[in-house]
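Sequence lines, in order, name chains A and B. With numbering that gives the first Met the number 0 as the guide, the letters of the first sequence map in order to residues 0 to 430. With numbering that gives the first Met the number 0 as the guide, the letters of the second sequence map in order to residues 0 to 430.
What the hints contain is simulated information worked out from the structure, not anything from laboratory work. There could be a bad hint or two in this list.
Any copy, or any two copies together, can satisfy a pair, since identical chains are not distinguished.
Straight-line alpha carbon distances no greater than 25 angstroms define the calculated BS3-like cross-link-like pairs of lysine-lysine that follow [what the hints assert, rightly or not]:
| no. | residue 1 | residue 2 |
| --- | --- | --- |
| 1 | LYS303 | LYS187 |
| 2 | LYS429 | LYS342 |
| 3 | LYS71 | LYS417 |
| 4 | LYS187 | LYS383 |
| 5 | LYS342 | LYS92 |
| 6 | LYS47 | LYS64 |
| 7 | LYS11 | LYS303 |
Computed from a predicted model, the values in this text were never measured in an experiment.
2 protein chains.
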Amino acid sequence: MKIRDMAEAASKASISLAAAGGEIKNGALAEIARALESSAAEIVRANKEDLDRSGRENLAGPLMKRLTFDEKKIREVIDGIRSLIALPDPVGKTQLATELDKGLELYRVSCPIGVIGIIFESRPDALVQISSLCLKSGNAALLKGGSEARETNAILAETIRAAGTRAGLPGGWLQLLETRADVGEMLKMDEYIDLIIPRGSNEFVRHIMDNSRIPVLGHADGICHCYVDARADIGLAVDVVVDSKTQYVAVCNAAETLLVHSSIAPEFLPAVKKALESKKVSLVGCEKTGEIIDVAAASEEDWKTEYLDYRLSIKVVESLDEAIDHINRYGSGHTDAIITTDKPSAARFMDLVDSGNVFWNCSTRFSDGFRYGFGAEVGISTNKIHARGPVGLDGLLIYKYKLAGSGQIVADYAEGRKKFTHRPLSGEFKI
Amino acid sequence: MKIRDMAEAASKASISLAAAGGEIKNGALAEIARALESSAAEIVRANKEDLDRSGRENLAGPLMKRLTFDEKKIREVIDGIRSLIALPDPVGKTQLATELDKGLELYRVSCPIGVIGIIFESRPDALVQISSLCLKSGNAALLKGGSEARETNAILAETIRAAGTRAGLPGGWLQLLETRADVGEMLKMDEYIDLIIPRGSNEFVRHIMDNSRIPVLGHADGICHCYVDARADIGLAVDVVVDSKTQYVAVCNAAETLLVHSSIAPEFLPAVKKALESKKVSLVGCEKTGEIIDVAAASEEDWKTEYLDYRLSIKVVESLDEAIDHINRYGSGHTDAIITTDKPSAARFMDLVDSGNVFWNCSTRFSDGFRYGFGAEVGISTNKIHARGPVGLDGLLIYKYKLAGSGQIVADYAEGRKKFTHRPLSGEFKI
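Produce the entire structure from the sequences given, and follow the hints as far as they go.
Below is the structure:
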């Protein structure tokens with residue numbers, strides 16, 4: 000099937016999916032959970048093929064781990080689907096209701112965006128998670144997974160698609176793309192696809208962003224900072240920096256650069272060096288850092304680099320504002336933390352750092368939809384419109400205005416025969 | 000000054016403007032209102048230069064009217080600024096507050112988007128309106144007006160910029176671009192500009208959308224429909240269709256196509272023809288329409304055309320679903336109305352028509368921020384993300400997450416030593 004035909008079918012399906020009630024969508028989610036349960040053995044077998052082949056092709060260890068989709072992972076994604084069923088239907092919620100005039104009532108009602116294109120690298124759990132989020136929010140989905148997981152993705156997508164269709168979803172609601180060339184085609188389908196969500200490495204996401212006119216929800220880089228202010232508790236600062244850097248180095252919300260106020264640097268830098276080196280973190284630093292502790296010299300390039308590794312760049316700054324300027328210049332607008340006992344400094348930092356997540360006295364690693372209590376996570380966005388920071392189901396929704404009248408025409412208001420009342424209404428839209 | 004330098008200056012200014020309190024912004028708005036008042040004579044004189052030159056260049060009558068910026072218009076924009084001052088500060092509102100754990104509190108707080116690029120054709124009032132909306136919402140603005148209004152725009156922008164700066168706004172908060180080539184440059188500044196709002200003809204807006212990677216808020220086409228269902232009050236349907244088509248033909252929310260159910264067409268079409276022809280509307284229709292009333296034949300092209308003129312295309316459909324499919328295929332997702340006495344038909348139409356505004360028994364012309372009671376209007380959006388339909392101040396805002404802790408690290412939660420509470424909090428964020 001051509002990608003254009005697939006995208007058109009998704010667009011058609013999205014119309015009736017948008018109007019499907021919560022019961023139909025929850026019924027389909029339940030059917031999908033059951034189908035995954037009863038196909039578990041087959042899924043594990045398909046995954047073993049992917050693992051065997053990738054093993055022969057010498058896929059790196061961490062990627063092999065991400066590719067693994069065993070009984071335990073299957074149970075986890077099924078639990079995820081069941082907790083999604085328990086959430087209220089996010090579609091059809093009245094967000095605003097105004098009487099424009101007697102018998103002329105305006106409602107702003109949440110609705111799905113339409114068709115979501117999802118592109119992800121190795122992890123097959125992402126396929127299950129994001130397609131169930133799309134379904135819960137009434138969106139049609141086009142999926143493309145990494146080729147190393149092709150057998151696992153094929154059986155997962157087919158199991159989910161068939162179960163959903165059995166439960167009454169419109170044909171075309173979920174479709175799997177097969178080749179890398181298909182992705183290129185999909186990125187051109189701005190007529191039918193409303194939003195692209197890419198999950199994977201930063202080069203991969205940047206490639207998507209640079210090659211489509213369709214809006215992209217996500218982040219390319221996660222260049223996160225910890226700034227240790229002039230007045231800070233040394234022990235607390237060391238703990239937060241070590242956690243931000245090392246709790247899981249390969250993720251977007253791990254810290255890459257440490258900024259330290261010059262007045263606390265002589266005391267703080269030796270302490271943090273010791274703690275980081277015990278975790279095998281290699282350090283690079285600016286000239287002033289090098290005057291206090293023994294580190295390799297950082298280059299301009301270091302401030303722009305997302306290491307995703309046991310490596311940290313350090314810069315000594317003369318003021319809070321220098322730290323803020325550095326972050327706004329070199330950061331990626333993802334997550335940045337200040338460690339300080341001074342409240343006005345914390346407030347200024349959180350107001351002036353232009354990032355989706357600004358933290359005070361805690362680890363950058365908290366920047367995550369599950370930790371924020373969203374239950375489900377679509378991804379983390381560094382966009383400045385629509386959705387920013389960790390994105391839950393909300394990010395898959397937009398709204399439409401429904402205006403119910405009784406024959407009103409604008410001429411009566413334009414010519415002064417009638418006047419708008421603009422009175423707030425209570426209650427949900429219903430006919 | 001190079002456009003890149005202007006955009007960088009705007010980006011820098013946007014950081015402190017984002018943190019400016021409501022009093023500073025309102026103080027600047029008041030100073031701008033006073034400055035416009037005291038410069039009124041100069042502004043009118045500059046506008047007269049534009050009008051004289053455009054008259055010599057034979058600018059069309061309606062455009063001359065849009066270009067006119069007299070004492071009355073000045074009073075109107077000043078009134079607009081004063082009503083904006085009366086609105087609460089939209090920045091810094093807590094949208095969500097959750098205790099993640101004891102002493103670890105998450106707040107989602109509204110904030111400006113950053114730098115807005117605004118491009119508008121002839122009307123100088125748009126310059127004042129949108130720059131004051133940007134200021135109220137804490138955004139920096141780069142403006143480009145139509146060359147026919149260059150003298151008026153220059154004095155307006157300089158008056159506003161100088162008044163704002165006098166009132167304490169950061170330099171670079173408002174800048175006026177001068178040439179058409181500047182616009183091309185501006186569209187490339189995705190590093191510094193977060194959102195483009197184009198106001199003008201549909202060709203103009205489409206050009207902008209096709210030539211920038213910066214998100215665009217607005218609409219290219221307004222191909223709006225009225226659908227007269229099988230069961231409809233003929234008199235009411237005629238009134239609504241006539242108002243939708245003729246109350247103001249040159250605007251995006253005027254109807255361009257009339258769809259009529261075949262069972263009511265023999266009675267309805269002659270009645271609406273008579274009413275429309277008395278307003279000098281010329282009609283084109285499908286074959287079935289032509290069997291009932293005397294009209295020129297419509298071509299495929301007619302269904303895709305925004306006439307913005309006294310012209311209407313008519314199609315007879317066999318069912319509600321055929322009407323919905325036609326609208327979703329040929330419409331522009333702007334505003335579409337059903338006229339019916341049948342509630343389930345109205346509900347189905349409003350659920351399945353994928354447009355920002357779906358109306359029942361009222362004119363498409365109500366689709367407007369002022370009529371919706373928003374007070375101020377940024378524009379009307381056919382986007383499927385961020386903001387849809389008429390957009391008020393909200394469309395110029397996004398949010399950031401502020402997380403205030405007391406030394407928490409993720410390792411404690413990942414390793415089971417601590418548990419998240421995820422308890423809703425009441426109250427605004429404050430340090």
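Is it within a copy, between copies, both, or neither that the alpha carbon of LYS342 lies no farther than 25 angstroms from that of LYS92? between (39 angstroms within a copy, 20 angstroms between copies)
Homo-oligomer pair classification [LYS303, LYS11; C-alpha up to 25 angstroms]: between (43 angstroms within a copy, 19 angstroms between copies)
Between the shortest in-copy and the shortest cross-copy C-alpha distance, which are at most 25 angstroms for LYS47 and LYS64: within, between, both, or neither? within (12 angstroms within a copy, 72 angstroms between copies)
How would you classify LYS71 and LYS417 at a CA-CA limit of 25 angstroms: within, between, both, or neither? between (65 angstroms within a copy, 24 angstroms between copies)
Within, between, both or neither: how does the pair LYS429, LYS342 come out at a Cα-Cα threshold of 25 angstroms? between (48 angstroms within a copy, 10 angstroms between copies)
Should LYS303 paired with LYS187 be assigned to within, between, both, or neither, using CA atoms and 25 angstroms as the limit? between (30 angstroms within a copy, 21 angstroms between copies)
Is the C-alpha distance from LYS187 to LYS383 at most 25 angstroms within one copy, between copies, in both cases, or in neither? Result: close both inside a copy and across copies, 23 angstroms intra and 17 angstroms inter.
Violated hints for the displayed structure: none, as all numbered hints are satisfied.
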